[in-house]
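Each residue of the sequence shown is one higher than the last, beginning at 607 in this note's numbering.
Note that these hints are calculated values from the structure, not bench results.
You may find that some hints are simply not true.
EDC-like mimics (lysine to aspartate or glutamate), calculated; alpha carbons at most 20 Å apart, straight line [claimed, not checked]: (1) 668 with 617; (2) 675 with 620; (3) 613 with 646; (4) 668 with 646; (5) 630 with 648; (6) 652 with 620; (7) 668 with 610; (8) 675 with 646.
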Amino acid sequence: MHIEKLKYFIDLYECRNYIETARKNFISQASISQYISSLEKEFNTKFFDRSVTPIQPTLAGKMLYNNAK
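Can you build the whole structure from these sequences, using the hints too?
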């Protein structure tokens, strides 16, 4: 796991918005999405519920955030 992925995860957790997170990190929204998907594959779980707006963290997402922060 890369520290960079965790940074993007933390930023997304706090912003709850892919576009805002991408702007904050000067990368594309697609890149943020790919990093988060890659992180979810590494842990074999979903960290965000994308069916609601703004996105909401799952229990696993809350746990990762608390440990990563």
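The hints, checked one at a time:
1. 668 with 617: holds (13 Å)
2. 675 with 620: Holds, at about 11 Å.
3. 613 with 646: Satisfied, since the Cα-Cα distance of roughly 14 Å is no more than 20 Å.
4. 668 with 646: holds (13 Å)
5. 630 with 648: Since the Cα atoms of residue 630 and residue 648 sit roughly 24 Å apart, the hinted pair is violated (cutoff 20 Å).
6. 652 with 620: Roughly 16 Å separates the two Cα atoms, so the pair holds.
7. 668 with 610: With a Cα-Cα distance of about 18 Å, the restraint between residue 668 and residue 610 holds, given a limit of 20 Å.
8. 675 with 646: holds (17 Å)
Hint 5 alone, counting from the list given before, is not met by this structure.
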